[in-house]
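Top line first, the protein sequences correspond to chains A and B.
Take the first sequence: its position 122, counted from the start at 1, is 121 in numbering that gives the first Met the number 0, and no numbers get skipped.
Take the second sequence: its position 176, counted from the start at 1, is 175 in numbering that gives the first Met the number 0, and no numbers get skipped.
By construction, these hints were calculated from the structure, which means they are not laboratory data.
Ideal Cβ positions, reconstructed from N, Cα and C, are used throughout, including at glycine.
The reader is advised that the hints may include incorrect statements.
[Stated by the list, open to error] Selected chain B positions facing chain A (Cβ under 7 Å, derived; list incomplete):
{"no.": "1", "residue": "Ser72"}
{"no.": "2", "residue": "Ala86"}
{"no.": "3", "residue": "Glu87"}
{"no.": "4", "residue": "Phe88"}
{"no.": "5", "residue": "Met162"}
{"no.": "6", "residue": "Thr163"}
{"no.": "7", "residue": "Trp177"}
{"no.": "8", "residue": "Pro242"}
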Amino acid sequence: MGSRGSRGYRYRSRSNFVAFATEWERKSRRPKIRGCQLIIRAQSILYHTPIASITRAIEYLDNAARIARRAGIVQGVVIAYGDCSPQPLITIDDLTDLKRRFSNLTDIEYNFFDRNHGHGGGQNRLLEDAASDLLMIVNPDVLVSPTAFIELVSALGRAGVGLVEARQLPIEHQKEYDPQTGETNWASGACAMGPMDLFRDLGGFDSDSFFLHCDDVDFSWRVRLAGFEIVHQTSAIAFHDKRLTNTASRVANPTERYYSAEGTLLLSYKYSRPDLTKIYLRNFDASGDEDHIKAASAFRLREKSGRLPTPIDNDHAVAKFVNLRLGPWRFLPR
Amino acid sequence: MSAPYILQKLLETYNTTREGDGAKSPQVPLKPAPFLSIITRTRGSRNETLRDTLMSLAGQTCLDFELIIVVHSDSAPLVDSVRGLVAEFPSTMCEQTRIIVCSRPGRAAPLNDGVASSKGHYIAVLDDDDFVFAHYVETFSTLARQTPGALLRATCTRQDFDMTAAGSFPTHPRAISWFSMPWPATYDAILHVVENQTPFMSVAFPAEVFSADGLCFDESLTTAEDWELTTRAAMLRGVVSTPEITSVYRWWVNGASSQTEHQPDEWKANADKIRQKLDAQPLLLPPGSARRIAQLIEGNRSINVQRLSAGISLSEDDDDPYLNESAYQLLVGLLNSLSWRWTRPVRQLIRLLTGRSGIGLTIDQIPSSLSERQEQINKIRSSYFWRIALPLRLIGTSLRRARIWSSER
Chain A
0 MGSRGSRGYR YRSRSNFVAF ATEWERKSRR PKIRGCQLII RAQSILYHTP
50 IASITRAIEY LDNAARIARR AGIVQGVVIA YGDCSPQPLI TIDDLTDLKR
100 RFSNLTDIEY NFFDRNHGHG GGQNRLLEDA ASDLLMIVNP DVLVSPTAFI
150 ELVSALGRAG VGLVEARQLP IEHQKEYDPQ TGETNWASGA CAMGPMDLFR
200 DLGGFDSDSF FLHCDDVDFS WRVRLAGFEI VHQTSAIAFH DKRLTNTASR
250 VANPTERYYS AEGTLLLSYK YSRPDLTKIY LRNFDASGDE DHIKAASAFR
300 LREKSGRLPT PIDNDHAVAK FVNLRLGPWR FLPR
Chain B
0 MSAPYILQKL LETYNTTREG DGAKSPQVPL KPAPFLSIIT RTRGSRNETL
50 RDTLMSLAGQ TCLDFELIIV VHSDSAPLVD SVRGLVAEFP STMCEQTRII
100 VCSRPGRAAP LNDGVASSKG HYIAVLDDDD FVFAHYVETF STLARQTPGA
150 LLRATCTRQD FDMTAAGSFP THPRAISWFS MPWPATYDAI LHVVENQTPF
200 MSVAFPAEVF SADGLCFDES LTTAEDWELT TRAAMLRGVV STPEITSVYR
250 WWVNGASSQT EHQPDEWKAN ADKIRQKLDA QPLLLPPGSA RRIAQLIEGN
300 RSINVQRLSA GISLSEDDDD PYLNESAYQL LVGLLNSLSW RWTRPVRQLI
350 RLLTGRSGIG LTIDQIPSSL SERQEQINKI RSSYFWRIAL PLRLIGTSLR
400 RARIWSSER
C-alpha cells in the first residue's frame with residue numbers, strides 16, 4: 000500500500016495500524032460479491048425520533064433492499080435500531096407491524112438502551128451482537144435512494160476502498176471529493192457503509208471522546224490510517240431533511256453547535272494538532288457564542304481530569320485541517 | 000380612452016375562454032383531489048437529475064400531492080427509461096405518480112398536457128433538474144390556508160452545479176457553490192412587467208386559473224412561458240408570498256440547460272413578445288401599486304434631473320413636462336447667476352470685436368422643448384466664460400456657507 004489518491008488525498012499510512020493492515024491485506028479486503036451472498040446491516044440511533052420519520056425511512060430501506068436483492072447484489076438486509084430516548088419509541092406491536100409491512104427486509108431489530116449513550120456509543124452497542132458482511136451507519140430519518148445499496152456496494156467493491164458515503168440531498172455536503180474517483184477526506188455518518196470486519200477491527204466509534212458529532216470524521220480518519228480510501232458515491236442518494244434560513248444560511252440548533260465545537264477541539268487534539276487546538280480554544284472563548292464557550296470549558300475540564308484521547312497520526316498523514324475546517328471544501332457554506 | 004372602453008377591454012382580456020392549441024381544463028376529480036399536482040416535464044435524457052427530483056419529493060413532510068411526469072419525447076426507449084426510474088421507487092410513490100407522453104412541439108405543450116391531466120387543487124411545475132426541500136408541499140399548503148385562491152409563492156434559492164463526466168463513472172451533478180438568493184422573497188407585480196423574478200417551481204397556481212379563468216401556457220413561446228402565465232394569473236388571483244426557501248434552482252455551469260439551448264436573442268424575442276402582450280391589454284395591479292408607480296416615476300425624475308444638471312443628454316423617452324420645467328428652472332438659474340451676469344460685458348465686447356455670435360440667450364428667449372433647453376444648458380456650462388468664472392462661483396459658495404453657518408450659531 001503506497002500513497003495513492005489525488006488532489007491532496009495522498010497518505011503514507013504506516014502508523015500502529017500496519018500490523019492490522021497487513022493482516023487485512025492478507026485476507027480479502029473486498030467483500031466477496033458472489034451471487035446473493037452479502038448481508039447488509041443498517042444501524043441507526045434513535046433519540047426522540049418521530050415514529051412517522053422512522054417508518055418512512057424503513058420504507059425506503061426496504062425498497063432499496065428489494066432493488067438490491069432483485070439485482071442479485073445482496074442476500075439480506077437487516078435494520079437495527081438503538082434507542083437512546085428516555086422512553087421507548089417503538090412498542091412490540093409497532094415492531095411486529097413494521098416487520099409485516101416491510102417484508103423485503105430480513106429483520107428489524109430494536110434495542111431500547113434506557114440511557115443516552117450518544118451516537119457512537121449507541122452504534123458500538125449495536126455492533127456487539129451484529130453479524131453481517133457490510134455495515135451501514137445511517138440517520139434514522141434519512142431516505143435512501145432505490146439503488147443506494149447497489150451503488151454503495153459497487154464502490155466498496157473497488158480495491159482499497161474501506162468506507163463509502165452517499166450524496167446528501169437537498170443540502171450536499173461541501174467537502175471536496177475527486178470528481179473522477181469520488182475519493183474524499185472523510186465520510187458522513189448520515190449514510191455511510193463499510194465492511195463489518197473493518198468496523199470491528201478498528202474498535203468501532205471512539206465514544207469516549209465523541210458523544211454526538213465528529214465521531215464519523217474520527218472513524219473515517221482511522222480507516223484511512225489503516226490504509227483505506229474513503230469514497231463519496233454520488234449515485235447513492237440520501238435525502239436528509241435539512242433546511243435553510245430565510246437568508247440561505249445553515250440552520251444549526253444549539254446541540255449541533257455545541258457538539259460540533261467540542262468534536263472539532265477533540266479532533267485537533269487527537270490528531271496531533273495542539274497548535275490548532277489552541278487556536279480553536281482562543282476563538283471559541285472570544286466568540287461570544289454560548290455553545291462555543293461551553294465547548295471550550297468542557298474541553299479544559301477533560302484536559303484537567305485526564306480524559307483527552309491519546310494523540311495519533313503524529314506525522315499528519317490523514318487528518319487535514321484546511322483554514323480551520325475539517326478537510327478541504329469545495330465551497331463555503333453560510 | 001374612455002372608462003367603459005377600458006372596462007370592456009379588461010373583461011375581454013381576462014375573460015378569455017381559450018388561448019392557443021391544446022389548452023384543456025384540469026379534470027374534475029371523481030375521488031378526493033390531492034392538494035397539489037406537481038408537473039415535471041422531461042425529455043427522458045436527464046434521469047440522473049430526475050432521480051434527485053423524485054427523491055426530494057419522496058422526502059416531503061406533506062404527502063398530499065400527485066406527481067405528473069410528462070415525457071416530452073416520441074422515443075419509446077426514453078419513455079421506458081422514465082417508467083423504469085419511477086418503478087424503482089416504493090409503491091406509495093408510484094401510486095402518487097402518473098406518466099404521460101406529449102409529442103407536440105414546444106416547451107409549453109407538455110405543461111398544458113400536464114395541467115389537463117391534473118386533479119389537484121393547486122398546480123406547480125418542477126423541472127427535471129431541480130429539487131426541493133422537505134417542506135415544499137407543506138409550505139404551499141400553509142399559504143393556501145392563509146389566502147385561498149391566490150397564487151402561492153415561496154422563495155427559491157440558486158445553487159451552481161457542474162455535471163461531471165468521469166471516465167467509466169456515470170455523469171453526476173456536483174454542487175460547486177453554496178446557495179444564493181437572486182430572487183426576492185415577495186412578489187412585485189410591477190417588477191414582473193419588466194422581467195421574471197419568480198422561478199417556476201416557487202409558485203403554485205390554483206387550478207381555477209386554468210379552468211375558471213381559462214388561462215393556459217402560450218405554446219408559441221419558446222422560452223419564458225412561465226413568466227407569461229405567472230404574470231397574467233397573478234393579476235387575476237393575486238399572490239401570497241413567504242420568505243421560506245423551499246426549492247433549489249440548479250444553475251449549470253456546464254452541460255445543457257435552457258440557458259444554453261436557447262440563445263440570448265431568442266430569450267429577448269420572447270421577452271419582447273410577452274411585453275407586447277402585456278402592453279396590448281389593461282393591467283390589473285394589487286393594492287399598493289399606485290404608491291410603487293409614483294415612487295418609481297419620482298425616482299426616475301430625480302435621476303433625470305441629476306443627469307440634466309450633469310450635462311448628460313436625456314433621450315426622447317425621458318421627455319415629460321416635469322423634466323422640461325426642471326430644465327427651464329436650471330436655465331434661469333444659470334442665466335441669473337453671478338458668473339454669467341458679471342462676465343456679460345466681457346462677452347459682449349468680444350462679440351463686437353470678433354464678430355462671433357456667442358450665446359446671446361436671455362430669459363425671455365428660452366426655447367420651449369426639452370432637447371433645445373438641454374442644448375442651451377450644455378452650451379453655457381461648456382463655454383469659456385463659465386469655466387473661467389469657476390473661482391468666482393467657489394468664492395460665492397463659500398461665502399454663502401459661511402453666512403449660513405454663522406446664522407445657525
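Here is what the structure says about each hint:
Violation of the interface hint for serine 72 of chain B is found here, the shortest Cβ-Cβ separation to chain A being roughly 22 Å, above the 7 Å cut-off. About 9 Å separates the beta-carbon of alanine 86 of chain B from the nearest beta-carbon of chain A, more than 7 Å, and the hint is not met. Annotation: glutamate 87 of chain B was flagged as interfacial toward chain A, and the flag holds, the nearest CB pair being 4 Å apart, inside 7 Å. The closest approach between the C-beta of phenylalanine 88 of chain B and any C-beta of chain A is roughly 6 Å, which is under the 7 Å cut-off, so the hint is satisfied.
The interface hint given for methionine 162 of chain B is broken, as the beta carbon of that residue sits about 10 Å from the closest beta carbon of chain A, more than 7 Å. Given the 7 Å rule on beta carbons, the hint for threonine 163 of chain B holds: about 4 Å separates it from the nearest Cβ of chain A. Taking 7 Å as the C-beta contact cut-off toward chain A, the hint placing tryptophan 177 of chain B at the interface holds, the least distance being around 5 Å. Residue-level restraint check for proline 242 of chain B holds (minimum Cβ-Cβ distance to chain A is 4 Å; threshold 7 Å).
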